[in-house]
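Trainee: Sequence:
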Amino acid sequence: MSYNPNFYNNFCGNNSTFQSLPPNYVPPPPQPPPYFIPASTPAAKREKQDQEFLKTFEKRIPVRELTQINVKPLSISEVREEIRKMVVTVNDLKAKQKTLSENISTLSDDEWRSTMEQVEENKALINKTLTVLNGPYIDLLRKLLAKRAAKRLRLRKANMERKREKEERMKELKERSRKIDENLQKIKDDINKAKQEAEQKLQADMVLKEVLRKKSDAKKCLTKLDALVKLRKARQNTAAGRGETVSDNEEAAFLSHIEKLKSLWERKLVLYNKEEVELRAQLEEDSEKQYSMLAEAEQNVATNLNLWRTALFGGKLPQADFGGDVAKFIAVRSQWDRYISTEGTSLPVGWVPPTTRIDDKPA
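Numbered per my numbering, the sequence shown spans residues 5 to 367.
What the hints contain is simulated information worked out from the structure, not anything from laboratory work.
From the three backbone atoms N, C-alpha and C, an ideal C-beta is built for every residue, glycine too.
Treat the hints with caution; some may be incorrect.
Derived Cβ-Cβ restraints for the label pairs, each shown as a range [what the hints assert, rightly or not]:
#1 Ser181 - Thr346: 17 to 23 Å
#2 Asn131 - Phe57: 44 to 50 Å
#3 Lys170 - Lys190: 42 to 48 Å
#4 Gln55 - Ser79: 54 to 60 Å
#5 Arg160 - Leu311: 47 to 53 Å
#6 Thr110 - Ile130: 50 to 56 Å
#7 Leu149 - Arg182: 17 to 23 Å
#8 Ile184 - Leu145: 43 to 49 Å
#9 Ile344 - Leu311: 17 to 23 Å
#10 Asp193 - Ser267: 46 to 52 Å
#11 Ser79 - Lys167: 27 to 33 Å
#12 Ala208 - Glu176: 42 to 48 Å
#13 Leu129 - Lys102: 17 to 23 Å
Within a straight-line C-alpha distance of at most 20 Å, the following computed SDA-like cross-link-like pairs (lysine to any residue) qualify [what the hints assert, rightly or not]:
#14 Lys213 - Ser291
#15 Lys272 - Glu214
#16 Lys161 - Leu145
#17 Lys266 - Ala231
#18 Lys219 - Val281
#19 Lys127 - Glu171
#20 Lys264 - Asp230
#21 Lys218 - Ala285
#22 Lys199 - Ser291
#23 Lys228 - Lys161
#24 Lys127 - Lys161
#25 Lys192 - Met174
#26 Lys213 - Ala202
#27 Lys205 - Leu287
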(Lines of atoms letter the chains of each structure in order from A; the text may use other names.)
(Lines give C-alpha, C1' and ligand atoms only; values in the text may rest on other atoms or scores of the structure.)
Protein backbone atom coordinates (compact mmCIF):
# COMPACT_ATOMS: atom_id res chain seq x y z
CA MET A 5 0.00 0.00 0.00
CA SER A 6 1.34 3.43 -0.99
CA TYR A 7 1.44 6.35 1.43
CA ASN A 8 -1.31 8.96 1.03
CA PRO A 9 -0.30 12.37 2.50
CA ASN A 10 -3.96 13.58 2.62
CA PHE A 11 -5.14 10.51 4.45
CA TYR A 12 -6.07 12.23 7.68
CA ASN A 13 -7.68 15.22 5.95
CA ASN A 14 -9.77 13.00 3.69
CA PHE A 15 -10.68 10.70 6.53
CA CYS A 16 -11.51 13.32 9.14
CA GLY A 17 -12.90 15.94 6.77
CA ASN A 18 -11.12 18.57 8.82
CA ASN A 19 -12.98 17.23 11.86
CA SER A 20 -10.95 16.12 14.84
CA THR A 21 -13.83 14.10 16.37
CA PHE A 22 -13.56 11.28 13.75
CA GLN A 23 -17.37 11.29 13.36
CA SER A 24 -17.60 12.08 9.66
CA LEU A 25 -18.31 9.70 6.81
CA PRO A 26 -15.70 7.16 5.61
CA PRO A 27 -13.10 8.78 3.32
CA ASN A 28 -13.30 8.46 -0.47
CA TYR A 29 -9.74 7.41 -1.57
CA VAL A 30 -8.33 5.64 -4.63
CA PRO A 31 -7.25 2.04 -3.97
CA PRO A 32 -3.71 0.97 -5.03
CA PRO A 33 -3.20 -0.80 -8.41
CA PRO A 34 -3.15 -4.60 -8.47
CA GLN A 35 0.16 -6.46 -8.52
CA PRO A 36 1.42 -7.62 -11.96
CA PRO A 37 1.30 -11.31 -12.82
CA PRO A 38 4.52 -13.34 -12.46
CA TYR A 39 7.00 -13.48 -15.45
CA PHE A 40 6.06 -16.28 -17.79
CA ILE A 41 8.96 -18.47 -18.93
CA PRO A 42 7.94 -20.76 -21.75
CA ALA A 43 9.05 -24.32 -21.72
CA SER A 44 12.12 -25.24 -23.80
CA THR A 45 11.42 -26.50 -27.32
CA PRO A 46 13.57 -28.93 -29.38
CA ALA A 47 14.70 -26.07 -31.68
CA ALA A 48 15.88 -23.97 -28.75
CA LYS A 49 17.74 -26.92 -27.30
CA ARG A 50 19.39 -27.58 -30.65
CA GLU A 51 20.50 -23.92 -30.99
CA LYS A 52 21.93 -23.95 -27.50
CA GLN A 53 23.85 -27.14 -28.22
CA ASP A 54 25.23 -25.64 -31.45
CA GLN A 55 26.49 -22.56 -29.61
CA GLU A 56 28.19 -24.69 -26.99
CA PHE A 57 29.80 -26.82 -29.74
CA LEU A 58 31.11 -23.71 -31.51
CA LYS A 59 32.62 -22.38 -28.31
CA THR A 60 34.30 -25.73 -27.65
CA PHE A 61 35.59 -25.86 -31.25
CA GLU A 62 37.02 -22.35 -31.04
CA LYS A 63 38.89 -23.30 -27.89
CA ARG A 64 40.44 -26.30 -29.64
CA ILE A 65 41.78 -24.25 -32.59
CA PRO A 66 45.48 -23.37 -31.98
CA VAL A 67 46.20 -19.66 -32.07
CA ARG A 68 49.04 -18.71 -34.42
CA GLU A 69 51.15 -15.86 -33.26
CA LEU A 70 51.84 -13.33 -35.97
CA THR A 71 55.56 -12.93 -36.36
CA GLN A 72 56.71 -9.57 -37.64
CA ILE A 73 59.22 -9.85 -40.43
CA ASN A 74 62.18 -7.68 -39.65
CA VAL A 75 63.36 -6.19 -42.89
CA LYS A 76 67.01 -5.37 -42.83
CA PRO A 77 67.45 -2.01 -44.49
CA LEU A 78 69.66 -2.06 -47.54
CA SER A 79 71.58 0.88 -48.82
CA ILE A 80 71.64 1.87 -52.46
CA SER A 81 75.28 0.86 -52.76
CA GLU A 82 74.47 -2.65 -51.48
CA VAL A 83 71.59 -2.96 -53.94
CA ARG A 84 73.88 -1.77 -56.73
CA GLU A 85 76.42 -4.41 -55.74
CA GLU A 86 73.72 -7.13 -55.73
CA ILE A 87 72.52 -6.04 -59.17
CA ARG A 88 76.11 -6.05 -60.45
CA LYS A 89 76.61 -9.59 -59.14
CA MET A 90 73.33 -10.65 -60.74
CA VAL A 91 74.40 -9.16 -64.10
CA VAL A 92 77.71 -11.02 -63.84
CA THR A 93 75.81 -14.24 -63.05
CA VAL A 94 73.48 -13.70 -66.03
CA ASN A 95 76.47 -13.17 -68.31
CA ASP A 96 78.00 -16.37 -66.92
CA LEU A 97 74.75 -18.21 -67.64
CA LYS A 98 74.76 -16.92 -71.21
CA ALA A 99 78.35 -18.06 -71.63
CA LYS A 100 77.56 -21.53 -70.24
CA GLN A 101 74.48 -21.77 -72.45
CA LYS A 102 76.57 -20.93 -75.48
CA THR A 103 79.20 -23.47 -74.45
CA LEU A 104 76.60 -26.20 -73.96
CA SER A 105 74.86 -25.45 -77.26
CA GLU A 106 78.13 -25.47 -79.18
CA ASN A 107 79.60 -28.56 -77.47
CA ILE A 108 76.43 -30.60 -77.03
CA SER A 109 77.92 -33.59 -78.82
CA THR A 110 81.45 -33.43 -77.43
CA LEU A 111 80.85 -32.93 -73.71
CA SER A 112 80.84 -35.95 -71.43
CA ASP A 113 78.11 -36.73 -68.96
CA ASP A 114 80.17 -35.58 -65.98
CA GLU A 115 81.05 -32.30 -67.64
CA TRP A 116 77.45 -31.80 -68.67
CA ARG A 117 76.22 -32.59 -65.16
CA SER A 118 78.81 -30.26 -63.57
CA THR A 119 77.91 -27.42 -65.93
CA MET A 120 74.20 -27.92 -65.28
CA GLU A 121 74.81 -27.86 -61.53
CA GLN A 122 76.61 -24.53 -61.93
CA VAL A 123 73.73 -23.26 -64.07
CA GLU A 124 71.23 -24.30 -61.41
CA GLU A 125 73.30 -22.62 -58.71
CA ASN A 126 73.44 -19.43 -60.77
CA LYS A 127 69.70 -19.57 -61.41
CA ALA A 128 69.05 -20.08 -57.70
CA LEU A 129 71.30 -17.11 -56.92
CA ILE A 130 69.46 -14.97 -59.47
CA ASN A 131 66.07 -16.02 -58.12
CA LYS A 132 67.22 -15.29 -54.58
CA THR A 133 68.45 -11.84 -55.58
CA LEU A 134 65.22 -11.10 -57.46
CA THR A 135 63.19 -12.30 -54.48
CA VAL A 136 65.12 -10.00 -52.18
CA LEU A 137 64.85 -7.04 -54.53
CA ASN A 138 61.19 -7.61 -55.42
CA GLY A 139 60.17 -8.29 -51.83
CA PRO A 140 59.91 -5.78 -49.02
CA TYR A 141 62.97 -3.86 -50.26
CA ILE A 142 61.48 -2.46 -53.45
CA ASP A 143 59.39 0.22 -51.70
CA LEU A 144 62.29 1.08 -49.42
CA LEU A 145 64.60 1.41 -52.42
CA ARG A 146 62.12 3.62 -54.21
CA LYS A 147 61.92 5.87 -51.15
CA LEU A 148 65.70 5.94 -50.88
CA LEU A 149 66.07 6.78 -54.56
CA ALA A 150 63.39 9.46 -54.28
CA LYS A 151 65.16 10.92 -51.23
CA ARG A 152 68.50 10.79 -53.02
CA ALA A 153 67.04 12.46 -56.11
CA ALA A 154 65.39 15.13 -53.97
CA LYS A 155 68.62 15.63 -52.02
CA ARG A 156 70.67 15.90 -55.21
CA LEU A 157 68.15 18.32 -56.68
CA ARG A 158 68.22 20.37 -53.48
CA LEU A 159 72.02 20.34 -53.43
CA ARG A 160 72.11 21.25 -57.13
CA LYS A 161 69.75 24.15 -56.51
CA ALA A 162 71.78 25.23 -53.49
CA ASN A 163 75.00 25.02 -55.52
CA MET A 164 73.44 26.98 -58.35
CA GLU A 165 72.16 29.56 -55.86
CA ARG A 166 75.59 29.83 -54.26
CA LYS A 167 77.19 30.08 -57.69
CA ARG A 168 74.73 32.76 -58.73
CA GLU A 169 75.30 34.68 -55.49
CA LYS A 170 79.06 34.34 -55.98
CA GLU A 171 78.77 35.61 -59.55
CA GLU A 172 76.63 38.50 -58.36
CA ARG A 173 79.14 39.30 -55.63
CA MET A 174 81.99 39.14 -58.13
CA LYS A 175 80.02 41.32 -60.51
CA GLU A 176 79.28 43.81 -57.74
CA LEU A 177 82.94 43.77 -56.69
CA LYS A 178 84.05 44.36 -60.28
CA GLU A 179 81.53 47.16 -60.70
CA ARG A 180 82.59 48.68 -57.39
CA SER A 181 86.26 48.34 -58.35
CA ARG A 182 85.53 49.94 -61.71
CA LYS A 183 83.74 52.86 -60.05
CA ILE A 184 86.54 53.21 -57.51
CA ASP A 185 89.12 53.17 -60.31
CA GLU A 186 87.10 55.74 -62.24
CA ASN A 187 86.83 57.97 -59.18
CA LEU A 188 90.52 57.57 -58.41
CA GLN A 189 91.42 58.30 -62.03
CA LYS A 190 89.13 61.33 -61.99
CA ILE A 191 90.70 62.58 -58.77
CA LYS A 192 94.16 61.93 -60.21
CA ASP A 193 93.25 63.77 -63.42
CA ASP A 194 91.89 66.69 -61.41
CA ILE A 195 95.07 66.78 -59.33
CA ASN A 196 97.26 66.60 -62.44
CA LYS A 197 95.19 69.26 -64.12
CA ALA A 198 95.47 71.51 -61.07
CA LYS A 199 99.22 70.86 -60.95
CA GLN A 200 99.58 71.66 -64.65
CA GLU A 201 97.57 74.84 -64.24
CA ALA A 202 99.67 75.82 -61.22
CA GLU A 203 102.87 75.04 -63.14
CA GLN A 204 101.63 77.00 -66.14
CA LYS A 205 100.73 79.92 -63.92
CA LEU A 206 104.09 79.74 -62.17
CA GLN A 207 105.86 79.50 -65.52
CA ALA A 208 103.83 82.42 -66.83
CA ASP A 209 104.70 84.40 -63.71
CA MET A 210 108.37 83.56 -64.18
CA VAL A 211 108.21 84.54 -67.86
CA LEU A 212 106.40 87.75 -66.95
CA LYS A 213 109.00 88.44 -64.30
CA GLU A 214 111.75 87.83 -66.84
CA VAL A 215 110.01 90.08 -69.36
CA LEU A 216 109.65 92.81 -66.75
CA ARG A 217 113.34 92.46 -65.91
CA LYS A 218 114.30 92.72 -69.58
CA LYS A 219 111.97 95.69 -69.98
CA SER A 220 113.60 97.37 -67.00
CA ASP A 221 117.05 96.62 -68.45
CA ALA A 222 116.01 98.10 -71.78
CA LYS A 223 114.77 101.27 -70.09
CA LYS A 224 118.01 101.48 -68.12
CA CYS A 225 120.03 101.08 -71.31
CA LEU A 226 118.04 103.87 -73.00
CA THR A 227 118.59 106.06 -69.96
CA LYS A 228 122.33 105.27 -70.04
CA LEU A 229 122.50 106.11 -73.74
CA ASP A 230 120.83 109.46 -73.11
CA ALA A 231 123.24 110.05 -70.25
CA LEU A 232 126.20 109.25 -72.55
CA VAL A 233 124.94 111.77 -75.10
CA LYS A 234 124.64 114.41 -72.40
CA LEU A 235 128.06 113.52 -71.01
CA ARG A 236 129.67 113.85 -74.47
CA LYS A 237 128.04 117.22 -75.01
CA ALA A 238 129.28 118.37 -71.64
CA ARG A 239 132.82 117.21 -72.48
CA GLN A 240 132.62 118.92 -75.88
CA ASN A 241 131.60 122.15 -74.23
CA THR A 242 134.46 121.84 -71.74
CA ALA A 243 136.94 121.15 -74.54
CA ALA A 244 135.61 124.09 -76.58
CA GLY A 245 136.03 126.31 -73.52
CA ARG A 246 139.66 125.28 -73.26
CA GLY A 247 140.11 126.04 -76.95
CA GLU A 248 140.38 122.45 -78.11
CA THR A 249 138.91 121.41 -81.43
CA VAL A 250 136.38 118.58 -81.65
CA SER A 251 136.08 116.51 -84.83
CA ASP A 252 132.67 116.64 -86.42
CA ASN A 253 133.13 113.18 -87.92
CA GLU A 254 133.70 111.62 -84.52
CA GLU A 255 130.64 113.38 -83.15
CA ALA A 256 128.54 112.21 -86.07
CA ALA A 257 129.81 108.63 -85.71
CA PHE A 258 129.13 108.69 -81.97
CA LEU A 259 125.60 109.99 -82.43
CA SER A 260 125.01 107.43 -85.20
CA HIS A 261 126.06 104.57 -82.93
CA ILE A 262 123.94 105.95 -80.10
CA GLU A 263 120.89 106.24 -82.36
CA LYS A 264 121.35 102.68 -83.61
CA LEU A 265 121.60 101.39 -80.05
CA LYS A 266 118.58 103.42 -78.96
CA SER A 267 116.51 102.17 -81.91
CA LEU A 268 117.54 98.58 -81.10
CA TRP A 269 116.59 98.90 -77.44
CA GLU A 270 113.36 100.69 -78.33
CA ARG A 271 112.36 97.83 -80.63
CA LYS A 272 113.16 95.36 -77.85
CA LEU A 273 111.18 97.48 -75.41
CA VAL A 274 108.18 97.39 -77.76
CA LEU A 275 108.47 93.59 -77.99
CA TYR A 276 108.77 93.34 -74.21
CA ASN A 277 105.69 95.51 -73.76
CA LYS A 278 103.73 93.38 -76.21
CA GLU A 279 104.85 90.16 -74.52
CA GLU A 280 103.93 91.63 -71.13
CA VAL A 281 100.44 92.49 -72.35
CA GLU A 282 99.94 88.97 -73.74
CA LEU A 283 101.18 87.32 -70.55
CA ARG A 284 98.99 89.50 -68.36
CA ALA A 285 95.99 88.74 -70.57
CA GLN A 286 96.74 85.00 -70.33
CA LEU A 287 97.06 85.17 -66.55
CA GLU A 288 93.82 87.10 -66.27
CA GLU A 289 92.08 84.58 -68.52
CA ASP A 290 93.37 81.66 -66.44
CA SER A 291 92.31 83.33 -63.21
CA GLU A 292 88.87 84.11 -64.65
CA LYS A 293 88.54 80.53 -65.89
CA GLN A 294 89.51 79.14 -62.49
CA TYR A 295 87.14 81.52 -60.78
CA SER A 296 84.31 80.53 -63.15
CA MET A 297 84.98 76.83 -62.50
CA LEU A 298 84.87 77.38 -58.74
CA ALA A 299 81.72 79.45 -59.09
CA GLU A 300 80.11 76.74 -61.26
CA ALA A 301 81.00 74.03 -58.72
CA GLU A 302 79.55 76.11 -55.90
CA GLN A 303 76.44 76.79 -57.98
CA ASN A 304 75.99 73.06 -58.66
CA VAL A 305 76.32 72.26 -54.95
CA ALA A 306 73.83 74.99 -54.06
CA THR A 307 71.40 73.77 -56.77
CA ASN A 308 71.58 70.18 -55.50
CA LEU A 309 71.04 71.34 -51.93
CA ASN A 310 68.02 73.37 -53.03
CA LEU A 311 66.61 70.35 -54.89
CA TRP A 312 67.03 68.11 -51.82
CA ARG A 313 65.58 70.78 -49.55
CA THR A 314 62.59 71.20 -51.87
CA ALA A 315 62.07 67.43 -52.14
CA LEU A 316 62.21 66.97 -48.36
CA PHE A 317 60.69 70.15 -46.98
CA GLY A 318 58.95 71.80 -49.92
CA GLY A 319 59.61 75.37 -50.96
CA LYS A 320 60.89 78.20 -48.84
CA LEU A 321 57.29 78.94 -47.79
CA PRO A 322 55.66 75.49 -47.51
CA GLN A 323 52.53 76.96 -45.91
CA ALA A 324 51.82 78.86 -49.13
CA ASP A 325 52.77 76.11 -51.60
CA PHE A 326 49.46 74.24 -51.40
CA GLY A 327 47.17 76.99 -52.64
CA GLY A 328 45.08 77.07 -49.50
CA ASP A 329 44.60 73.27 -49.39
CA VAL A 330 44.98 72.75 -45.64
CA ALA A 331 44.21 69.01 -45.80
CA LYS A 332 47.03 68.39 -48.28
CA PHE A 333 49.41 70.45 -46.19
CA ILE A 334 48.51 68.50 -43.02
CA ALA A 335 48.84 65.16 -44.87
CA VAL A 336 52.33 66.03 -46.14
CA ARG A 337 53.44 67.25 -42.74
CA SER A 338 52.06 64.11 -41.09
CA GLN A 339 53.93 61.90 -43.57
CA TRP A 340 57.12 63.80 -42.86
CA ASP A 341 56.61 63.53 -39.10
CA ARG A 342 56.04 59.76 -39.39
CA TYR A 343 59.15 59.48 -41.55
CA ILE A 344 61.22 61.31 -38.95
CA SER A 345 59.83 59.29 -36.00
CA THR A 346 57.34 56.44 -36.12
CA GLU A 347 56.45 57.11 -32.48
CA GLY A 348 55.73 60.80 -33.06
CA THR A 349 52.36 62.36 -32.35
CA SER A 350 50.53 65.39 -33.62
CA LEU A 351 51.00 67.15 -30.27
CA PRO A 352 54.15 69.17 -29.53
CA VAL A 353 56.66 67.91 -26.99
CA GLY A 354 55.60 68.71 -23.44
CA TRP A 355 51.93 69.14 -24.18
CA VAL A 356 49.49 67.09 -22.12
CA PRO A 357 46.76 65.37 -24.18
CA PRO A 358 43.22 66.25 -23.08
CA THR A 359 41.25 63.65 -21.18
CA THR A 360 38.10 62.29 -22.80
CA ARG A 361 35.00 63.31 -20.89
CA ILE A 362 32.15 60.92 -20.29
CA ASP A 363 29.68 63.31 -21.94
CA ASP A 364 31.75 63.32 -25.16
CA LYS A 365 31.71 59.52 -25.53
CA PRO A 366 29.13 58.21 -28.02
CA ALA A 367 26.10 56.58 -26.49
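Trainee: Which hint numbers doesn't this structure obey?
Mentor: 1, 3, 6, 7, 8, 16, 19, 23, 24, 25
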